[in-house]
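S.K.: Now for the letters of each chain:
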Amino acid sequence: METSMPLPQVTESQKELASQAMSEFDKKQYGSCCSLMHKLIAQRPTDPKVAHNKAVAEFFQSGFLTTDEFRQQLSKVCQMAHVNIDNSESLEDVDHSVIYFNQAVILYHLRQYKAALNILDKLFQYIEPLEEALAKKATMLLVELYLCTYQPEKAMGMVHYAEKTVFTAGKNAGEKENKEDQVDEAWKPKISLYKTRCLLMMKSMKSCKREIKSLMSTQAMNTAVIYLKSNFEHLRGNHKKAMKMLGSVSTSDFTEAGECMPVMYNNNLGCIHFHLSKHHLGAFHFRKAFQENENAIKDIKRGAEHNKNLSGKTLNSIGMSRHFELLYNMGIQLLHCGKAMPAFDCLVEAVQVFRSNPRLWLRLAECCIMANRQNNDEDRKLEKRLEVIQGSDGSGIHRKLRLGPGLKKDNPSPGTPAIPAATHEFAALCLKNALHLLPEDPLTAEKVPIEDSDTVKITPEMVLVPAPPGNPLKAAEVASLRCSILAASAYVALCLNDYTLALLHAENLLKQPKLTGAQRYLGHLYMAEAQVAMDKIADAIQLLNPELVVDISLTLPENKTEQDKSERDPEASESKGYFYPWSPKDLTRAKAIAQYDLATAHAIRGEYDKAGQNLGESSSRIGTPLPAQMYFLKLYLDLIEGRRNMAQVVIKDHFGHVTPNRVEMKMNSKPGVPRPDTAVS
Amino acid sequence: QFDLHWAIPAISPAERYFLSQLISSPTKEMFKKTPTQIIQLDVSSMQNFDVSGLQLALAERQSEMPAQSKSAMPCVVPDRDTKPSSFDHFGKPGVINPDVQRQTIESLLTGNKAPVENCMMPEFIRLAPPLHIAEDELCWMNPVDMDYSVAWDTTMCVSSSAGVEIRRLMSKAFKGALTLQQQQQLLDELEKDNKLVYHIGLTPAKLPDLVENNPLVAIEVLLRLMQSNQITEYFSVLVNMEMSLHSMEVVNRLTTAVELPSEFIHLYISNCISTCETIRDRYLQNRLVRLVCVFLQSLIRNKIIDVKDIFIEVQAFCIEFSRIREAAGLFRLLKSLDSADPQNTPTAATR
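Chains as they are written, first to last, in UniProt numbering: chain A, 1 to 681; chain B, 1 to 351.
Same shape as in the complex, but just chain A (with noise of 0.2 Å):
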């Protein structure tokens, strides 16, 4: 400040030509305004805040087209002023405050949301001296980064502090009047929609009942209040009304904020179909929702092709594109779908976009896994089948037969895991990141010494944790998707032959005090399988007594479903819970399944004799057509005990296309003499 020269006088004439700007400029004469400023500033060509008004006026005037002359413009006149926005600790002088505040429009319009908060923090402490407008607008656009950030609990303290300070009406007027701590009530409307938005993120429910009701009383026919109460019936389960309320919206293509309607109408439409489970149909409107977004896109795109850069688009219309959410929203659909490779194509973008969402993370390896198993009922398909004998050699004597080597494939998956591709490996890869981005387990946290064990202990739990593009998670929704991060960890490792850090994560999943039904059931399988390979059959076979199976329920039991039920609605929920199916469904052939992994654990230790058992017992519960594993195992079972011809009726009866040869049971009785050189001929 000290190196600037003083600036000259403000002559009355001056003065004169700066008020007639303004009024002009509120009168929206854009054209009369920029020469007026013209005129002013050939009279002070120093003067920093003459220089922004011109930009600000010639910007206006363009229609918002010159966004990256105004850009410039705009760091002209930081030079001027002396004002580095990105590298000051605070505002310096509240001079500059407008500087800074627009500044962050230009950043909230590019979608740099974060380095645009920067700005508006450092603005932020200087609210106070602010005038009054400015201050407003201030406050609405961090209330907004906020919400862009998804940090709705500081949109919240915002708008409180807004309410009671900001947005008081007549503040300035006196203090006599007692009617001050009132909201301005041009203001209310606003307000309430922020507030709404914030409820809905941090989705608690009952005050946003109550939000909406007051928003729906005054301005029912707001297409945003509209679509911000079908977002609350969606979350809330009415899926029906949400719709409904959708629809009766007339979609006009573009808001005035820019945004293409008919996008978010399409996806709404699609998260809804989510929801009810209706895959195809919701994959269908999102595509749709996809193809609005390309349009729109092309449009304004055609409109600037002999333009640079930013320019030629309006300043609105710069972030318009929803690409990546849809992506993300659609990749989600994809999976659901069943169809795991364009779903990962899809979730792979978006990653890169939208990289410290941990469950979106934990989505990518579901992907990996799901590329590489279709669904756990595959093992029963007759293609896996006939991998058991997979054909013969030669004829007469000489005839042998060839036996699959099972179904287990280790192939080493080309290149690097960190080169993104549907294998095991990235798997892996993404669960670490997933796993990475949660807050610290607080079951290991435990370990460490605290000292006051009740109070403390549940601050930390209340944070939420960013999942963007969706709403942050809340406690309870952080520890389900642990558990879920976890058991997927535990089979990837498996996957991966990586057996150590199975049994790690098997161990930790089983740790977990929230676990449904099903995850407990395959955190023992996993365990047991680990131990096997690592020689720890003992504990596995205690692992795998089907007894132990008594729920694999896919959802926790309602009643335990912590606190905030008490904050949803009772009236409300139609249909939660899985929305994909998984097998197995029920609890004997979940039974079924680990007696068959108890047979192989014992065929492993050599106990023969109880694996044929279990096999035998598992075989008939576990639901036709049988897996191929058991099959292997059976002729496993004989061939390894000599039983030759009980080999040969499995064979015959399954696998009836590989040999000529039949058994008689009369062949039983004759003793079958193994002659030494059979087996070397």
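Rather than coming from a laboratory, the hints here were simulated on the basis of the structure.
Glycine is no exception: its CB is placed at the ideal position from the N, C-alpha and C atoms.
Treat the hints with care, since some could be wrong.
Below, in silico cross-link-like pairs of lysine to any residue (SDA-like), each with a Cα-Cα straight-line distance of 25 Å or less [to be verified]:
| # | chain 1 | residue 1 | chain 2 | residue 2 |
| --- | --- | --- | --- | --- |
| 1 | A | Lys154 | B | Thr232 |
| 2 | A | Lys381 | B | Glu123 |
| 3 | A | Lys15 | B | Thr155 |
| 4 | A | Lys432 | A | Lys474 |
| 5 | A | Lys652 | B | Trp6 |
Beta-carbon label-pair distances, calculated as ranges [as the list claims (entries may be wrong)]:
| # | chain 1 | residue 1 | chain 2 | residue 2 | range |
| --- | --- | --- | --- | --- | --- |
| 6 | A | Met221 | B | Leu187 | 53 to 61 Å |
| 7 | A | Glu607 | B | Ser12 | 52 to 60 Å |
| 8 | A | Lys27 | B | Glu135 | 45 to 53 Å |
| 9 | A | Gly656 | B | Ser52 | 55 to 63 Å |
| 10 | B | Glu64 | A | Lys610 | 21 to 29 Å |
Add chain B to chain A, keeping to what the hints say.
M.R.: Just chain B, lined up with the frame of chain A:
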């Protein structure tokens, strides 16, 4: 009865002899013989060959391996035709056909992944976990009902004259003491315009300079900044700046003018005491201790702090510097308050 296709078939003594020779110490003689010769060898006359040591070592080694790695079995299983498969074979069961034999051997032993290299072992059914269930995962889109647009600077060409002069004075005030006249001008201008204080370029970082050079101005400015939401930052700078006569003066004046957060005052006192304790220069130390004592006495007398909160700390301070008169005085004040304290209420009541 049992047909163990995976077991090594029984071998003749001649073969056994050959193998043992091969493993232990093959003689050159051996390699000159054809397979047929070896098989026809009469081994009964040979000296006893013993492979039990070898077998023992093998068993030992195998016992170290996990059960799973020992559970595999060969994939190739003989399946001799029980019925003739062509007319040639009628009536001649079990006849070796050299062509078929060769073909079979070739297809089993050769190739990239020869079937004989495969093995089969018991395998778990490994269930993939169910897809994670999240109730609120997808991105719902709501229209934003606000137009965030660029703002006009309404302060253009307005009241800049006072601002410029004030700012010039302030930048002087950061560097050195202002004259009385200058101070008065500054304070007058601040008096005139409530919001001017935010335009003078005083950031928390610059506060110490102002305090050292112009404590009176600093006090006035801070009093005007009390409404700012940054005031705690100013306070924390003030508390942590180097202790001096001027800073103490500012704090003292502030305590009498407004109600300061008590933790702020405590922090400042601790800071003062530790500065006194650590300073090396004896003369300066005495001076500072006296200052602190007077400062504390004034705080206590004006009931700005509760003695109980800082009693121990201050007492220790007094004892350490008991050689200084003011410290002794402060100590007496503390004691009198402390002894008066229990009877405080009854005496007050009787009066």
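S.K.: Sort out whether Lys474 of chain A lies within 25 Å of Lys432 of chain A, counting only the CA atoms.
M.R.: Given pair Lys432 of chain A, Lys474 of chain A holds - Cα atoms ~21 Å apart, limit 25 Å.
S.K.: Range hint 55 to 63 Å: satisfied by the CB atoms of Gly656 of chain A and Ser52 of chain B?
M.R.: Check failed, 46 Å falls outside 55 to 63 Å.
S.K.: Is 21 to 29 Å a correct range for the gap between the Cβ atoms of Glu64 of chain B and Lys610 of chain A?
M.R.: holds, 25 Å
S.K.: Tell me if the straight-line CA distance from Lys154 of chain A to Thr232 of chain B falls inside 25 Å.
M.R.: holds, 20 Å
S.K.: Has the hinted range 53 to 61 Å been met by the Cβ atoms of Met221 of chain A and Leu187 of chain B?
M.R.: holds, 56 Å
S.K.: Check the hint pairing Lys15 of chain A with Thr155 of chain B against an upper bound of 25 Å on the C-alpha distance.
M.R.: holds, 11 Å
S.K.: Could you say whether the range 45 to 53 Å given as a hint is met by the Cβ separation of Lys27 of chain A and Glu135 of chain B?
M.R.: Given a distance of about 51 Å, which is inside 45 to 53 Å, the answer is holds.
S.K.: Under the criterion that the straight-line Cα-Cα distance not exceed 25 Å, is the pair Lys652 of chain A, Trp6 of chain B satisfied?
M.R.: holds, 20 Å
S.K.: Take the C-alpha atoms of Lys381 of chain A and Glu123 of chain B, compute the straight-line distance between them, and say whether it is at most 25 Å.
M.R.: The hint holds at about 17 Å.
S.K.: Looking only at beta-carbon atoms, does the pair Glu607 of chain A, Ser12 of chain B fall within the given range of 52 to 60 Å?
M.R.: Check failed, 34 Å falls outside 52 to 60 Å.
Consistency note: the structure conflicts with the earlier hints numbered 7, 9.
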